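**Q** Each chain, letter by letter, is given below.
Number of protein chains: 2
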Amino acid sequence: MVVERKDLFVGGIEAGGTKFVCAVGRAPEDVCRPENRTEFPTGDNPGQLISRVIDWFAEKQSREPLSAIGIASFGPVDLEKGSPRYGHITSTPKPGWANTDLVGPIQRGLGNIPVGFDTDVNGAGLGEYFWGNASGLEDFVYITIGTGIGAGGMARGQLLHGLVHPEMGHLRLPRVAGDEFPGVCPYHKDCWEGLCSGPAILKRAGTPAEKIPPDHPAWKYETQYIGYAIANIVCTLSPRRVIIGGSVRKAGQLGEEAFFHAVREHVQTTLNNYVVSPSLLGDGVHRYIVPPLLGDNAGVCGALALGQLECSIAEECREKVQLINY
Amino acid sequence: MVVERKDLFVGGIEAGGTKFVCAVGRAPEDVCRPENRTEFPTGDNPGQLISRVIDWFAEKQSREPLSAIGIASFGPVDLEKGSPRYGHITSTPKPGWANTDLVGPIQRGLGNIPVGFDTDVNGAGLGEYFWGNASGLEDFVYITIGTGIGAGGMARGQLLHGLVHPEMGHLRLPRVAGDEFPGVCPYHKDCWEGLCSGPAILKRAGTPAEKIPPDHPAWKYETQYIGYAIANIVCTLSPRRVIIGGSVRKAGQLGEEAFFHAVREHVQTTLNNYVVSPSLLGDGVHRYIVPPLLGDNAGVCGALALGQLECSIAEECREKVQLINY
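Protein chains in written order, with my numbering: chain A, -9 to 316; chain B, -9 to 316.
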């Protein structure tokens, strides 16, 4: 179970493929204040960007000491403590960024404070666990659907890691009858991301998501495939809640409410009452599949949460060592 | 992380839909001895069967005290400690067995010893974690393909639970081009179980798995769909190993080796090098997708392991209480 230290003053970095959002604070309300946050374009020169990030936090640190930094990063990343590449972005096709050490230089640059590091989606999930719609739930999934599709979350109170980390955007799904769209994933063509990411919608409909009319078939396919994917996630992980963040869920002219309504209906139709739980039957599903409570701040709040979690882990280790020495 | 107490003398019940396998012992070698095990047909009268099970263990208990009993059960089951139906088989269509309390009467009938309770597949997975091919791995999946398809295992050292428990047999998969077989799942038709369980093979080929010639297209479909399903599980849970048990993997005239070879190849083709890990690339996959080391005893050994695990949990609680009282 995650020991919560939600009171600590920490830094957070939402390290995205487009921009790095940096913030300091104790809680979601802090990151809303402009003086507590900034953004840098990700660009193709990690060394330069990391220097700018360190400078920004060092200035904050000079006013009030930071207990830790949390980094919620785009991936793939190496999360295996003890691995020589722990804390690195690994095999990304993003120019300049393959094999980039994020944790090392940031930790050294800020006086060797604890650094929490995880995927962007595990980070956002942890933010929702600390302060949002996953509060009190030790098994949940946080999905983001935007430029790509990714998912993270917790199983039995632990963030989802493993051989590497989940890559749920690349789930293979049944094709909806009549849908001939080949998909856009460079690895798999018609995996979930290949069929449902923002770029997939743009390619399918010839227009960005926000401009697609509500009755356009693109929305039917989009919500049906998301329904298949969530049903598969339910069968594999048995989460207690599924949170969908990212830009696509806002669904332009269709609207967020109608989008969630359609997704929930498709999940129920797909599972066909097989998984018996009040959360999945009837109206229960309205509280089961939900948007993030932290909205567009889920990512950067999650980074703060990763920092606070790292402090708890460090503290727990110290306590154990004291116990042994005692 | 699971605290291991592999030295305790315990009872184990592999509660299957066809038979209940009961055993006592400390380790896999014990359950091979005929005097340490027995089997009862499951039938449609749970009360009667449970009495026979209690009598058998009571006789064993009179010779050497059992530290605990573990029950690895067919499902769906209620695993939520604190739920009024904890320890029950819940909504099974199996005649006589819906809403059957397994843990309560067995615990009371054997002097209120600790009872560990989990799904058959989490049990078998725990057995492989204690004594088999999941040894030392805190993230793995154990799949059984036989009369049905189910899967369990661990995420970060904890058995997979959640809203209910995984039901991976009901994953939805892309259809292989040219395959028109409608599937046999009464809930979903062509989910994984509907396409690949023993009864599905029988229906598809018109003959049981063990009699299908090695070059029959049924094997191509079987291994391809299993490949899709495992690829989806890899993307969702990121296990460090995948163990396939159950009868279908023996693959009759095709043979177990050729079956695993084809499945591994399909998993690699499906993932297409997207998940970068030595376990999934090249020959690494031969150690990644494997049969259970405990073979057909994985289930009953897993039940013993569940009993031993329950003792560890009980002990840990006692220690915590002592610490508080101190």
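If you're looking for bench data, these hints aren't it; they were derived computationally from the structure. Mixed in with the good hints, there may be bad ones.
Identical chains share a label here; the pair holds if one copy fits it or two copies do between them.
[What the hints assert, rightly or not] Here are the simulated SDA-like cross-link-like pairs (lysine to any residue), alpha carbons at most 20 Å apart as the crow flies:
{"hint": "1", "residue 1": "K71", "residue 2": "V266"}
{"hint": "2", "residue 1": "K210", "residue 2": "H251"}
{"hint": "3", "residue 1": "K240", "residue 2": "L283"}
{"hint": "4", "residue 1": "K179", "residue 2": "Y264"}
{"hint": "5", "residue 1": "K210", "residue 2": "P164"}
{"hint": "6", "residue 1": "K84", "residue 2": "Q51"}
{"hint": "7", "residue 1": "K71", "residue 2": "P268"}
Treat the numbers as computed from the prediction; the structure is a model and nothing was measured.
**Q** The structure should be examined with respect to each hint, and the outcome stated for every one.
**A** Outcome of the hint check:
1. K71 - V266: between (38 Å within a copy, 17 Å between copies)
2. K210 - H251: Close inside one copy (12 Å), not across copies (39 Å); limit 20 Å.
3. K240 - L283: within (14 Å within a copy, 49 Å between copies)
4. K179 - Y264: between (30 Å within a copy, 12 Å between copies)
5. K210 - P164: This pair counts as both: shortest intra-copy Cα distance 15 Å, inter-copy 18 Å.
6. K84 - Q51: neither (31 Å within a copy, 64 Å between copies)
7. K71 - P268: between (38 Å within a copy, 17 Å between copies)
When held up to the earlier numbered hints, the structure conflicts with hint 6 and nothing else.
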